[in-house]
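Residue numbers (the working numbering), protein chains in the order written: chain A, 12 to 346; chain B, 12 to 346; chain C, 12 to 346; chain D, 12 to 346.
Do not rely on the hints blindly, as some may be mistaken.
Pairs count within a copy or across copies, as identical chains cannot be separated in the list.
The calculated lysine-lysine pairs, modelled on PhoX-like cross-linking and capped at a C-alpha distance of 20 Å, are [as the list claims (entries may be wrong)]:
| # | residue 1 | residue 2 |
| --- | --- | --- |
| 1 | Lys-212 | Lys-301 |
| 2 | Lys-304 | Lys-212 |
| 3 | Lys-342 | Lys-66 |
| 4 | Lys-212 | Lys-123 |
| 5 | Lys-304 | Lys-147 |
| 6 | Lys-75 | Lys-123 |
| 7 | Lys-301 | Lys-264 |
| 8 | Lys-120 | Lys-301 |
| 9 | Lys-255 | Lys-212 |
| 10 | Lys-212 | Lys-279 |
| 11 | Lys-301 | Lys-97 |
| 12 | Lys-264 | Lys-279 |
Note that these hints are calculated values from the structure, not bench results.
Number of protein chains: 4
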Amino acid sequence: MLRVGIIGVSGFTGLELVKLLLHHPLVEIDYLASRSHVGQPLSDVFPSLKNICDKIIEPIDENKFSRLDVVFLALPHGVSMELACKLFGKVRIIDLSADFRLPKDLYEKWYKPHLCPDLIKEAVYGLPELNREKIKKASLIANPGCYATASILAVLPFLDIIESDIIIDAKSGVTGAGKSLREDLLFSEIESSFKAYSPAKHRHQPEIEYTLSLFESVNVTFVPHLLPINRGILATAYAGLVDKSDEEFLFEKLEKFYLNEPFVRVSKMLPQINNCTGTNFCDVSFALDKANKRIIIISVIDNLLKGASSQAVQNMNVMFGINEEEGLDLKPYYP
Amino acid sequence: MLRVGIIGVSGFTGLELVKLLLHHPLVEIDYLASRSHVGQPLSDVFPSLKNICDKIIEPIDENKFSRLDVVFLALPHGVSMELACKLFGKVRIIDLSADFRLPKDLYEKWYKPHLCPDLIKEAVYGLPELNREKIKKASLIANPGCYATASILAVLPFLDIIESDIIIDAKSGVTGAGKSLREDLLFSEIESSFKAYSPAKHRHQPEIEYTLSLFESVNVTFVPHLLPINRGILATAYAGLVDKSDEEFLFEKLEKFYLNEPFVRVSKMLPQINNCTGTNFCDVSFALDKANKRIIIISVIDNLLKGASSQAVQNMNVMFGINEEEGLDLKPYYP
Amino acid sequence: MLRVGIIGVSGFTGLELVKLLLHHPLVEIDYLASRSHVGQPLSDVFPSLKNICDKIIEPIDENKFSRLDVVFLALPHGVSMELACKLFGKVRIIDLSADFRLPKDLYEKWYKPHLCPDLIKEAVYGLPELNREKIKKASLIANPGCYATASILAVLPFLDIIESDIIIDAKSGVTGAGKSLREDLLFSEIESSFKAYSPAKHRHQPEIEYTLSLFESVNVTFVPHLLPINRGILATAYAGLVDKSDEEFLFEKLEKFYLNEPFVRVSKMLPQINNCTGTNFCDVSFALDKANKRIIIISVIDNLLKGASSQAVQNMNVMFGINEEEGLDLKPYYP
Amino acid sequence: MLRVGIIGVSGFTGLELVKLLLHHPLVEIDYLASRSHVGQPLSDVFPSLKNICDKIIEPIDENKFSRLDVVFLALPHGVSMELACKLFGKVRIIDLSADFRLPKDLYEKWYKPHLCPDLIKEAVYGLPELNREKIKKASLIANPGCYATASILAVLPFLDIIESDIIIDAKSGVTGAGKSLREDLLFSEIESSFKAYSPAKHRHQPEIEYTLSLFESVNVTFVPHLLPINRGILATAYAGLVDKSDEEFLFEKLEKFYLNEPFVRVSKMLPQINNCTGTNFCDVSFALDKANKRIIIISVIDNLLKGASSQAVQNMNVMFGINEEEGLDLKPYYP
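Work the whole structure out from these sequences, hints included.
Pasting the structure below:
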């Protein structure tokens, strides 16, 4: 049994981690901590967990980590790196924040000064479809962003046959913003509505562009939008094709790329969010705009799962040599 | 391993049964049948199941049942009893329809002529909190209706201290109506709306009144309403108190009643639907209207789970002497 | 042209008043004031009003009222009475708060100490279907609560033939709670969910009971619930019938009661929220539970309109001898 | 008073026309016809209209048109042109279908053989912001498609400074699909979900590309998506800038372009659907992706209003020399 700790359990990704790890047959949740609600049972914060997880939330205490095999940090950017610096080398870390996803200069351009830049190069970007071998040996995983996961998995299979200018129009449910008490997250502001936000200014843009550019140099225009739903991301990616292609060729290319991937479902049918919600799947399909020699790739994930917490568990499985699908046989919420 | 069959897999309760039984460690799904979509993989009907259950839907064939330990009938009223008549004695049956929930006369008053009335007395009403001992030995389970489950579990603990006139105002998500292609189930008709339907004429009224009256003679006024959500039922039950009571007494009574029940969560906090969705729990709480000497009991379930398919699995566990919670460690969907 | 002022324009009822009064052919909005956002155009607070109402929000200044014919107070309870005390006699007042709806003792039991109890008896409860004649001459209107409007209009026609114990199970959209920044009003907490709140403790209960009891002494059990929609209330009222009645008799009674009422629509079809949203209508229908000699009355309103702002305009029309329907020819939002 | 007829009143655009024209001070609705529900009051089809429009639905009868000044055809593609052929020259026609929006060859490529191709050149594309002068004299208006309206109004102001390759990622509420009884329009399939449909194959693509290309030759990739809301379209358009530009220059250009347009609201704030719902406005804003020298233009409309019925009324006003804003002082639905 792996002994795990989850730090930051009062947020949505922390909550999802708890649900996933309780369900994992080879894991024992040893330590639940948070900066708030210390001393309360977790089921006081999330009444849905009553009789499921009534464990007490502990304070964040560095002495508690030595007994753990792995710790999940579900903390805000900035807070996470501070703790990671202290824990590195003592326990394997899966960090769900953005703190170790980007090289120092890029991170500091989009976020804030980095407190332990030397650690960045130790971190492995935790997208198993990309970095499985490196993840196996990693001490510190930078778990990918939700938009980045959906976008990279959409574009990656076609990277060698598309032009370098890529447009990604992404749409996310509101849990992507967490439980923040903001007026624009009130029900009355979101229900029956829809909007774009941070166009060409969202911090997942450099993450997508940087990660893809490790393979082929690309420029990404990224525009996220807010859906009046709780869970799910759909990304629509647009790119010119270098050569004329037909649908059959493109489909075979996509299918072959993800042939052995347990958590990417390739289909000719266009994906829709409610088929993925509740699972670790990324559904990918595409359409061809022949007249304009352009491919339109569409991917769907559950932002809290493959976009955060279940991808973190997938990384844990890979890190510890466990069957990658263990504990991730999740059933879709639909209907 | 129990070998199970699910008949009627193209509806929502059939779909939920598939998801639950795939998740159950002591079960092997041997036979999936339906009256429609025969020959197609189940994941063609429900694309959410791609790579999860691509099993082919078979026709309903009486010869296939002898090899099974138990069969779930997720068929419409009327269709179900026809098949149950033929299978009775050959395989243990859990029937999710209304066909065996009521005595002959009451059934025929509210539904239609019964095809095998002699079988009704063989059937056990599958509410484990009520009939656990009988369920253990049953050959035929009449799995309770969704509204009936929520309503009975709300009222039962207080039955000996309330007056006989009970009002139940219930509210359900739209999956209760299944996947029927009806104009009033279109998104445009339900979104941002709410309505009552079949007031004092809904067929779960006799089920509730009959079941409760086995213990204390009661009269039930039942009015269901349609919520603009997919899953969940909240029932608000109103009854006069025979004697003056205080909240502490009532809470202790409720708590004691469900003390050993693994799937009823009693709380002083009022229940809400999103805390139950995705689980087999029934959440129950109450308020006291002192001025009017009246108790208001509120219960919540997931209509497709404790209100149908997971309750059916709970019944299966009881019937076969399996740990009652096996395969039912479901995590709430929230958020 | 009537010169009107609206105080409290940064809340939802204030916003609705602005939209309605802009649309009213005999009204000129002279004065928009609020305790917050002073100096900003109203369209900064509500961008939907851009190019529709870019008027500057003024501070609340007692000197501004003398030039007005009527002032609408869309302020919180407690704040409203303070201002009303000062303005009474100088300008006719339509108060949308609860401050003048109840006798002193009842008000102080459910709310807080009253600052100008002498004024209460000067106030007319502004339900035109009940008090049209008094409203004509009133200096101070206590505009009814949203739940109270729906509930009273449902029960009133049957008051002389029902027993005194009445149960009202009401369901409201979230705009009833205004724009408060509360965690339980976040999209993630309300979407796909439903709950009861303040059962038998809601402050509209005494308003309903007191108003109905002016005609027949009744006891009301009142339980409100929160719907995952923005607008609309549906109230389901339950009461025993003194004598046996048939549906035809009850329908005629209902129809006759509202025969000349322009804003109550009586129908045999059960009402649903999306047929009323956007209008000043109250839709009323009923069902008969013959077995239990009980009537179930169902009413629907738009909580922000007939439940607040358009009813206030209806009161203004009556007060000033204007055609009661003037400016209230609103078209339903559906679809 | 203009005497108008509305043909096709049992659909959503017909319903919206009725509501708008009842509200229009210079119009008398003389004739309501439909292919279905003939002989029933319109309020039987749409109970929301009870006491608002109980007029009887008449059959479509060519003899009824001579007395009218203008007729609105809210009919499906193909059906509309059949009737328009017969009526042309006898009454001015505003056709909400696609039948006269495209040149013959383009129409027949995307739709079906045209029954009266000679009439196409008589038709004026009814986008007042583009064709006001021609609309004044038109006998036949081809009222633009909903996606086309949002897309063209977004791109038009920048057409002379952008490259020819344009990508439009559009998102619409479900009323765009009308009231069709289709499984994919059921509440259970749309709630909490989102999907793309007809990528690069939607019939508004040629309409957008053709209309824009009258000014500058462009290639449009168009991908629509389905939002879990009833009303509203948000279009996100992407195009490369020919020259480097800054935000101030682009904003002034946009503002100047729509300076005198009563129904286009230009803002630096990004538009969101609930600010437009219920009105004839198109809200337009943009963002600049400097790194990629690309503009991102975002527009919002109510698909049933500026995207269909209120734009048709705007066209009527222009055709008859009425103040263009007459009857269109609509108030946003928000909240």
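Checklist line | Contradicted hints - numbers only | finding: Hints 5, 6 and 11 are the ones this structure does not satisfy, whereas the remaining hints hold.
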